[in-house]
Every structure is written in C-alpha cells, then in structure tokens.
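Q: Letter by letter, the chains look like this.
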Amino acid sequence: MQRNLSRRNKIYIYPSAWKIEYGEIASFLSELTGIPVELRNSFFDTFVIDSEKLAVDFAAARIFDIFSTSCAAVHESYAITAIEKEFITEGKPVYGVLYDAGRVAAALRKWIPKQERRLETQHIVFLDRLIATYDAERYHARMLYCSFPSLISTLGMIQAPARPKEFYILRNSNPNIPEEVLLEQFKEKVLTYDDPRLTEVAKGLTLQTVLWTNGFEPFCKNRSCRLYNAHWQEELITSQMQGKICGKHQKIIRIIKDNQNITNKKQ
Amino acid sequence: MAKLFSKASEKDVTKAIVSQFAKDMVDFTEVDVAIIGAGPSGLQAARDLSLSGIKTLVIERNNYLGGGFWIGGFLMNTVTLREPSQKILDEIGVPYTEYTKGLYITPGPHACSKLIASACDAGVKFLNMAKFDDVVIREKNRVGGVVINWTPVSALPREITCVDPVALEAKVVIDASGHDAVVVKKLEERGLIKTPGFGAMWVEKSEDAVVEHTCEAYPGLIVTGMAVSTTFGLPRMGPTFGSMLLSGRKGAEIAKKLIKKK
Ligand SMILES: [Zn+2]
Chain A
106 MQRNLSRRNK IYIYPSAWKI EYGEIASFLS ELTGIPVELR NSFFDTFVID
156 SEKLAVDFAA ARIFDIFSTS CAAVHESYAI TAIEKEFITE GKPVYGVLYD
206 AGRVAAALRK WIPKQERRLE TQHIVFLDRL IATYDAERYH ARMLYCSFPS
256 LISTLGMIQA PARPKEFYIL RNSNPNIPEE VLLEQFKEKV LTYDDPRLTE
306 VAKGLTLQTV LWTNGFEPFC KNRSCRLYNA HWQEELITSQ MQGKICGKHQ
356 KIIRIIKDNQ NITNKKQ
Chain B
7 MAKLFSKASE KDVTKAIVSQ FAKDMVDFTE VDVAIIGAGP SGLQAARDLS
57 LSGIKTLVIE RNNYLGGGFW IGGFLMNTVT LREPSQKILD EIGVPYTEYT
107 KGLYITPGPH ACSKLIASAC DAGVKFLNMA KFDDVVIREK NRVGGVVINW
157 TPVSALPREI TCVDPVALEA KVVIDASGHD AVVVKKLEER GLIKTPGFGA
207 MWVEKSEDAV VEHTCEAYPG LIVTGMAVST TFGLPRMGPT FGSMLLSGRK
257 GAEIAKKLIK KK
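From first to last, the protein sequence lines are chains A and B.
Just so we're aligned: the first sequence equals residues 106 to 372 in the working numbering.
Just so we're aligned: the second sequence equals residues 7 to 268 in the working numbering.
A couple of the hints might just be wrong.
[To be verified] Quick list of the computed label-pair ranges, beta carbon to beta carbon:
id, chain 1, residue 1, chain 2, residue 2, range
1, B, Ser58, A, Pro269, 42 to 50 Å
2, B, Ser58, A, Arg222, 45 to 53 Å
3, A, Asn277, B, Lys267, 44 to 52 Å
4, B, Val172, A, Glu285, 43 to 51 Å
5, B, Glu104, A, Gly128, 36 to 44 Å
6, A, Gly320, B, Lys266, 52 to 60 Å
7, B, Met31, A, Thr194, 39 to 47 Å
8, A, Asp240, B, Glu175, 51 to 59 Å
9, A, Arg222, B, Glu145, 23 to 31 Å
10, A, Asp299, B, Val24, 54 to 62 Å
11, B, Lys266, A, Gln220, 36 to 44 Å
[Unchecked claim] In silico DSSO-like pairs for lysine-lysine, Cα to Cα no more than 27 Å straight-line:
id, chain 1, residue 1, chain 2, residue 2
12, B, Lys61, B, Lys146
13, B, Lys267, A, Lys197
14, B, Lys266, A, Lys190
15, A, Lys190, B, Lys192
16, A, Lys158, B, Lys146
No lab work stands behind these hints: they were computed from the structure.
We put the beta carbon where it would ideally sit given N, CA and C, even for glycine.
Produce the complete structure using the sequences and hints provided.
A: Here it is as structure tokens:
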C-alpha cells in the first residue's frame, strides 16, 4: 500500500446542468477524506475558455464508429464545431453522442490555469455528455474517467451500466416505445434521467476519482462497497444506496485522511 | 336541363393555369427562406416562418407533400409522437390518444393532411415536382439560394438532359430533405463541409439528439429533421415524428434570428 502520499490542498467540483445535490457530494468528500472541497460553477463558466477552440477539440473527440479509435476526422467540419460551440456556451446536455473520454479530458485540461494544474489540486468535472473508453476492441460507455481532470458523466450513470435483460428484450420487441416509458416500468432496478438516487451514486463515483488521484486502485471487488465497479444498474444501485465502504477501503481512506491531517498541521 | 358548371373554354383553363403559375414563379425568384423537402420537419418550419410573416417557399421533388408523415413504421399508418411534441397536434387541430405514458398515437393521414393544410393556411408557397440541384453561394461563402430543376428532368435519358436549371435567391436555406441531406451533400462535394456519414453512435435519446443538433450547419444553411442525423452522424434508430416537428420548429426559430441579423 502506498504510504508517501502527496499533499492535497483542494478538490474542485464542477457541476453540470443536471439536478444532483452537488453540495451534498462536496461535504461527503471533505468529511470522509479531510481534503477541503470547493464547489465551483460549471467548468465552462469557471475558466476563461475559448469556446471556439474547445469546440474543435470536442468535435474531434466524437466517436462515430465504436470499433475504431480514429474518432472524428472532422476537426475542420463547420457544422460539428459550430454546434459544439453552442453546446459549450449554453451548457446544455448533449444526447445521442459518444465522446472519447481521454480526448475530452485532454481538451479540458488545456483551460485549467497553470497554478491549478498541479498534482496537489484535484478537479472533478461533471459533464452532461456520454463518455467512453476503448477497451477489448471497442468503445465502452463509462460513468467516470479518472484523469486530470477526472470526468463524471451524468448520462453515463443512466446509460453505461447495463439494465436488466428483460429491459432489452422489451425494447427490441417494440422499438417505438419511448425510452422513458420503459425506464419508468423498471424504475426500481434502473436509474432514470431525473432520479433522486443520482446524488448517492455520484458520491461513490467522486470517491473513486479521489482514490485514483491519491495513487490507489479506484475500484473494489466487493459488491457491497460503494467503490464497486458496477457493470449492471442493479449492482450500481445496491452498492451505492446502502452507502457501505468495505473494511479495506475504510483503511485506505483513513490513510488519506491521516496524511491530510498531518499536512494540514504542517501548514 | 340547366348546366351544372359555368362555361369555360379549354384555352381559358390553360391560360388560368399558366398565367398564375408564371406569376408565382416570378414571385419565388426571391424569398426569405427556401426549404428543401416537404416532409414533417420542412412543413413545420415553413408553417412557423409564414406565421411570423416570413416569405417562405417549400421545394418538393415529389408530386405530393408530407414525406413520410402519411405513414408510421412498417407501412402502418399510425403515427407515433412523444411528449411534448403532441402539443403541435393541438395547435393544428389533430386528435390523438395517449398509448402509454408520454407516447401518443394519431392517424397518419389526419396528422399529415392537417399539417399541410395549416402550412397552406399560414401562407406557405409550394413548388412541387421540383428538385434541388445546387446551392447559390454568396460572398464570404454564404449560402444565398438554390438552383432547381424539374424532377422529371433527372429521369430523362442522358443524351437529352442538357436542360438547364434555374436559380432562386433566399436569405436562408433549410435542408429538410431527410436522410439524403441533399444541400449538405452538395456543400460536401464542394469541400465546404464534412459529414461523418452514418455510424452506429449511441442510440439512446436519439430523438433529443436530432432536435438538439438542429442548427445553422453552414452560414445561411439550416438543417432540420433526418438531414440533421446525416450531417452529424447521429444514431439512425429511434426518432419518431415528434423530433421531426420539433426540429422543424427549432429550425424556424434559428431562421428568424438569421433574417433579423441580416
Ligand atoms: Zn471496497
């Protein structure tokens, strides 16, 4: 287990337009880890960003073929950069599009000012866009992407973990039934777009990014731990709503907290 | 027995048709908005624009208007719409029923005919059996009109197709031509725009995606309906007719702003 942790002076959280109790997440993280957490405006509103340039990067992060890493060869496409710019300036969710998580994180990183682009500072960006990483010959949608900054996809919480098999059987048998109608039928077992449980789920995800930033494995094998890497909606809901952290991870979190207390005293 | 119909000679009938059409055609040479395609998104955009007093012409390659709105999926003429697009049915006076929560059904012929009628009532002008041929490009590479030809010309044998098209000027052009996205494709041919083509992107929320991506895709050119899907490589699965209507409405809003700016 890693001992020589570097000092964390701050975690910044950038909310998205989605209704999640971001304040609750901030207090959850700071209480648990002892690291000061500050809730900022959305990433796009916090920093001085050239939306035109960021739009080009977002356009180039669009995935058009989930079996290929070549992403969009559309950097210079007027249409896509124009609409990306609109999404950035209006802060609206982007539906139906899959983005390469690594490219998105790299695009955002450019706009974090130098004094905050240090290991001591952690940035957690909530994005209303679906992100994916390439793995085992294809892209897979993700809820989070641990990086600098770390990304949490609100749409990913709904769409990335698989739903019960019956959900897909029903959907395939009648493609005209709206997604929302089906989700309503399965709402106990799946997360829906304005689900009040999203806040609890987001807490577990932010904790995963904190572990990663501090050099620990962010995912747990224990199904009832809220660091469990859920692949099914039902698993995600049970692990997060019970709010349990396994013994091993409680210890790790204590190490982070103790280290934080020492550095706080030194300061 | 008294004659049922009033007297009119053959030449009078012909004169009536030709003179009125010629008059309209002269009037069409300059419009505020030219819309390519009279499917649900094009009709909706045209209706909204005309209601705002904007001179709008719809160019349709077919002899009939309405595109795919007459029929739902699998050749079954029940059309489905999702919340909140049924509000447009309220506006144009079409009855519907809620099939499941948030999902509405309506007879295709009723919805389609009323949409066409309401566009006509609003003052939209139509030119059917006319095909988009090319774009008019203005200063700063801005789209400034359309080049059109009669639909049957494209069906002529190659050796007799030297039939020149005509051009119409428009402040704004809307590509509502469905998956073909004919205007966008023409710009792509000229190297002015790039489309990613079809790809299996994320199918969920694809209806939202079509509305969200409805925009000015190139200076002076707005894309609506399924043309949006082609322009942005959005998922093909999913969209029911609601997104076509709401995309058309959004396209009209964007066009209004562009015209004001000019
Ligand atoms: Zn654990």
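Q: Given a hinted range of 36 to 44 Å, is it respected by the beta-carbon distance of Lys266 of chain B and Gln220 of chain A?
A: Given about 43 Å between the Cβ atoms, the range holds.
Q: So if I understand the rule, the pair passes when the alpha-carbon distance is 27 Å or less; does Lys266 of chain B with Lys190 of chain A pass?
A: The hint holds at about 21 Å.
Q: Verify the CB-CB distance for Arg222 of chain A and Glu145 of chain B against the hinted window 23 to 31 Å.
A: Violated, at about 43 Å.
Q: Given the hinted pair Lys61 of chain B and Lys146 of chain B, is their alpha-carbon gap at most 27 Å?
A: 24 Å, holds
Q: Can the suggested window of 36 to 44 Å be confirmed for the beta-carbon pair Glu104 of chain B and Gly128 of chain A?
A: 38 Å, holds
Q: With respect to the beta-carbon atoms only, verify the hint that Ser58 of chain B and Pro269 of chain A lie 42 to 50 Å apart.
A: 48 Å, holds
Q: Given the range 52 to 60 Å, decide if the beta-carbon distance of Gly320 of chain A to Lys266 of chain B lies inside it.
A: The hint (52 to 60 Å, Cβ to Cβ) holds, given that Gly320 of chain A and Lys266 of chain B are roughly 56 Å apart.
Q: If you check the beta carbons of Val172 of chain B and Glu285 of chain A, does the distance land in 43 to 51 Å?
A: With Cβ atoms ~47 Å apart, the hint holds.
Q: Taking 51 to 59 Å as the hint, is the beta-carbon distance of Asp240 of chain A and Glu175 of chain B inside that range?
A: 52 Å, holds
Q: Would the hint linking Lys267 of chain B and Lys197 of chain A be met if the CA-CA limit is 27 Å?
A: Roughly 24 Å separates the two Cα atoms, so the pair holds.
Q: Has the hinted range 39 to 47 Å been met by the Cβ atoms of Met31 of chain B and Thr194 of chain A?
A: Holds - the Cβ-Cβ distance for Met31 of chain B and Thr194 of chain A, about 42 Å, lies within 39 to 47 Å.
Q: Compare the distance between the alpha carbons of Lys158 of chain A and Lys146 of chain B with 27 Å, and conclude whether the hinted pair is satisfied.
A: Within the cut-off at roughly 21 Å; holds.
Comparing the model with each numbered hint stated earlier shows that hint 9 is the single one that does not hold.
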